[in-house]
Amino acid sequence: MSRSWLCFGALASLAILGPLLTGSADPPSLAPGAAQLLPPGARADEAVLEGGGFVRAREIIATEGGLRLRSAQGWREIRGVRATSPVRSARLWLGTDHQGRSLIARLLHGARTSLFVASVATVVAVALGTGFGLAAAWARGALAAGLRIAVDGLLGLPRLLLLLMLGVTLRGSTSGVALAIGLASWMEVSRLVEAEARGLRRRPFVSAAVAAGGGPVRMAWLHLAPNLTPIVSVAAPLVATEAVLLESTLSFLGVAGGGADSWGRMVADGQRFLPSGWWLICFPGLLLSLTALAVQDLVRPRQRARLARLD
Amino acid sequence: MRTIAGAARRLLAPGLTLLWVFALCFALLHAMPGDPADRIDAPGVPPDQAERNRRALGLDEPIPLQFVRTVASYARGDLGVSSARRRPVATVLAEALPFTAGLGAAALALAYGAGIGLAMVLVRLTPRPRRTADRAMLVASAVPRFWLAVMIVLLLHGVMGWFPASHAFSPGGGGPADLLRHLALPAISLGLPAAFVVARYWLAAMERELVSPHVRAARAAGASGGRLIVRHVLRPSAGTAAALFGLDVPVLVSGAVVIEVVFAWPGLGRLTVEAVLGADYPLALALALLAASAVLAGRGIGQGLARALDPRRADAGEAVRE
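Heads up: the sequence lines are chains P and C, in that order.
The first sequence begins at 1 in my numbering and counts up one residue at a time.
The second sequence begins at 1 in my numbering and counts up one residue at a time.
Treat the hints as calculated values from the structure; they're not laboratory data.
Hints are supplied without guarantee of correctness; some may be wrong.
One side only, chain P facing chain C, incomplete, derived with CB under 7 Å [what the hints assert, rightly or not]:
id : residue
1  : Ile78
2  : Gly156
3  : Ile281
The following residues of chain P were derived to be distant from chain C, with all beta-carbon distances above 12 Å [claimed, not checked]:
id : residue
4  : Gly80
5  : Gly153
6  : Leu222
Don't be surprised by glycine CBs; every beta carbon is placed ideally from N, CA and C.
Extracted from the complex, chain C is given alone in its bound form (with noise of 0.2 Å):
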């Protein structure tokens, strides 16, 4: 009984949250100057065509009516369909969420790899260079996101002209290999903001581990160099450091939204800054519902790792910020 109050309890205050947000999100859409019915025939709406629109989309009802039947389609399953676009609005994520995945994927891959590699190159330094280097980590990671990604363009495409720099395929189509060529550019620019980050994190959780008595044994026991960093150093401070998954979450969609517009990327970003400029409701009530949830599961995911990888800290979680 108590085990199902707690589960109930657990899944409450998540569900209130995304209640909360999206209650807060269609406050805010709904204050944004002009609606979805000035946009669909624009430009040079005829007043009476522009008012038919409304009626049609049901934009003239007192708002708090408005609130209520979008929540009830909701919970039927119907997302509602984009005024924008004029489809459903499912359709529309689907055909973006594999493009936004594969980006989300492909940087993650990027952030952890790079960022673990680079940790434990450094963790190997004398104290003075590997102060300096996580400064330089500090500095390279204050570089605004979108900026990093122009240079990345500037440098690789234009320059050297390795990688196309927008799209997610060539003018008349392409096979998978063109579109791991066009994925390149930006996972590098979303993702090394990232491992700097990652890097700087688990350095930090690695110094820790280092002094710790246990290192102090296995080095008097004779493990040293790389098996000493993997076995004994490494794998203590992965509980700590995975607690930190669920903060490179929101850190990635927000990032995600800047990159996939410097690239023209099909993906949910892009689509997520057309819908909010062009006053799709539907579509932005949808997306923000669904970058949440992608948030609150990641916080999830990150707790949930933190204990599995560490079975000291049972309330990791909790220890971290968040």
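Chain P extracted, bound-state conformation (with noise of 0.2 Å):
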């Protein structure tokens, strides 16, 4: 296997590896304001509340009658609360957000909802787009000049626009919005799709095929959809790659991503904290871009020069 398949299984190994070694969710701190904005690579103070809850500051002390906290604005003091155990001190790699949450175990929920998101809609944006491009390869006459038509006009709308009205009305849920790019990314596949059975439609073994009485069911899956594994491999990481980056997008204008942690929602908070809080942006706009390159690298060399043939 080439270096993109290693880059990419190293990603989704920490997709889906990460988050159960940080935790299944960084907590936001109970006292945000001491933890607030941690520089990468800053030592910070942990403490785990009895009674549920979770303090981060640059220090904390133990007292008679609860946690005396350093921040930037001096020491300040939590009474009532006990920890369950002594205050550890960690180191934090990429720093925190402004509620206190380590950056690194937010960035490895982020890149579980990319990936997810970008393979629910890779598999729709394949389904719909094959079957769509075999009936339209199959078509002749008023029929195919329909589904022209309507691939025409859908690839004729911006898709950040389609997208728009779909994650709306999906309900910006992070399986809508997985649902949502499926549904918007589907017509160019339809159209490699389509050329190809076109191509093969002409060939003599499907010639052959339809003299022996094969109907368009059967011809479709018997003898064509095998022949277009080749073009649907090529075209699936486009989809996947452009699907990344339409997930992010539409999390960072918040039509999506409710709750969820996202990558572009991320980039979207951390645009308040500019320029101090430079970590907020960097990092998850670096592992956004990583990420859609890696996906975007599964595309064999062989594969692209046909993919350039055909275009």
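Hey, can you piece these two chains together into the complex? The hints should help.
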């Protein structure tokens, strides 16, 4: 396997295993003011409280009646709380956000969102696109013209506009957004499949199968679909790349990602803390670009050349 | 007779496409949760008031009837009244259009100016650095637009303090110079990724020309350096590359939406997000139709340009994707 698969595999395993290592979700600190915006590499004290809850600050000292926290504004005291275990010190490699949450933990959760949305959207787009492309390749006359106009119209509408409407309709949940992106990205797959299937249709083995009495469904399933695998395996990574970028754009615009961690949402939230809180937008964006590239690279060079010929 | 039929057929497909886009947007907008009547006096509209608003806006009628009414009023040239702004849609669009057109023109100028310039520099390099640069541009074009915009704000506004980062004018108004200063960052954010894409298309087209017999002939005749590139390589590759102009338009339209939101630029893109999220049906419909027309027109212009620049390939527009 090539370097791009390694890169993609590393990302996928981080997304799946990472949240297990960092805990189910890094909770907001109960005293966010004390932990506010720790820069990358900062050390912080952490304490888990009895009865739930969590405190993170530059320094924590357990006292008789509660906890003393040191923050940029000086010392402050929280009374009536007890830590379940001794205060521990941790290094936060990528710093924290404005609620005292570790950025690494949030980024790993974001990887989950991003890869989940990309895979669901790609499956939806490939299934719809292949089906529609096959139908369009088989259709003749007015039906073919109608199908062409249907795809043309969808391609003519800027994808982001289509997605804004679909995203709002599907209520902006993570799976809703994944479905919306799939529903907005199948047209390119359909175009590629249609072109390929039209070419296949003229080949002797297909004519022979038609002459032997094969109906359209049997033709599509037994004779065309297996030969479409190469073109689909080129199209799928491209759809997935686009899906990664679209998901982050939608959550940046505030259409998607209600509650769920998403890199786009993190960049949008981080804007308020510029320029001092640079790490809040730099790291999510870097990871996002890296993911998009890793997914895009899954197209192998030979397939890329084939795609260039088709263009 | 045949030409009239041909022209009619050529216009029929885009017309049907636009009608289909219109119907699709209409259906999608009506499928969204909530409608304009809920938003007009929000928050806390008494139910009977919302019902009265709904009746006043004609939203209580069957949806097919509403669709026919809307198409009929478009046919009369009446775009309706924005339900959130309570002003004619045409007025709202006319106010925002110059800002988006200005932003788009600046970004296109940057994309083509910088992109073709970059391609001309790169095509004179040896293959290895050329391939590295091409790869770097591919990587750069995979960077999400909104992040690039935020990073440009961080660097050129936050750290360097050269340009303002939002709105089209300073508070209290300002002259054309003020507007241009505000235009700088959005135009760079929109134009820079497009410049890389343009540079890659033109570089590929020029590389193909570079090995063709007529370039070898020109070299043998003594042409070299910049003159060879401009006269013998750039000109013949223009046709191929221009056909791709049509592909840039949808990218720019989608990009403008994001960029205008980041920079609070008062154009059509930001209006689109507000209209869709605010369930402003009349405004959102008009914007969708406008965007689709721009994309179809861009496709047509690209194909026309390709034919005009390269008479060898009358069907250049068909040869490229889309």
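Going through the hints against the structure:
With a cut of 7 Å, the hint placing Ile78 (chain P) at the interface with chain C is violated, because the nearest CB-to-CB distance is about 34 Å. Interface restraint check for Gly156 (chain P): the shortest CB-CB distance to chain C comes to about 5 Å, inside 7 Å, so the restraint holds. Checking Ile281 (chain P) against chain C: minimum C-beta separation of about 5 Å stays under 7 Å; hint holds. At roughly 37 Å from the closest C-beta of chain C, the C-beta of Gly80 (chain P) stays outside 12 Å, upholding its exclusion from the interface.
The Cβ of Gly153 (chain P) sits about 4 Å from the closest Cβ of chain C, inside the 12 Å cut-off, so the non-interface label is violated. Against chain C, the non-interface label of Leu222 (chain P) holds: every CB pair exceeds 12 Å, the least being about 29 Å.
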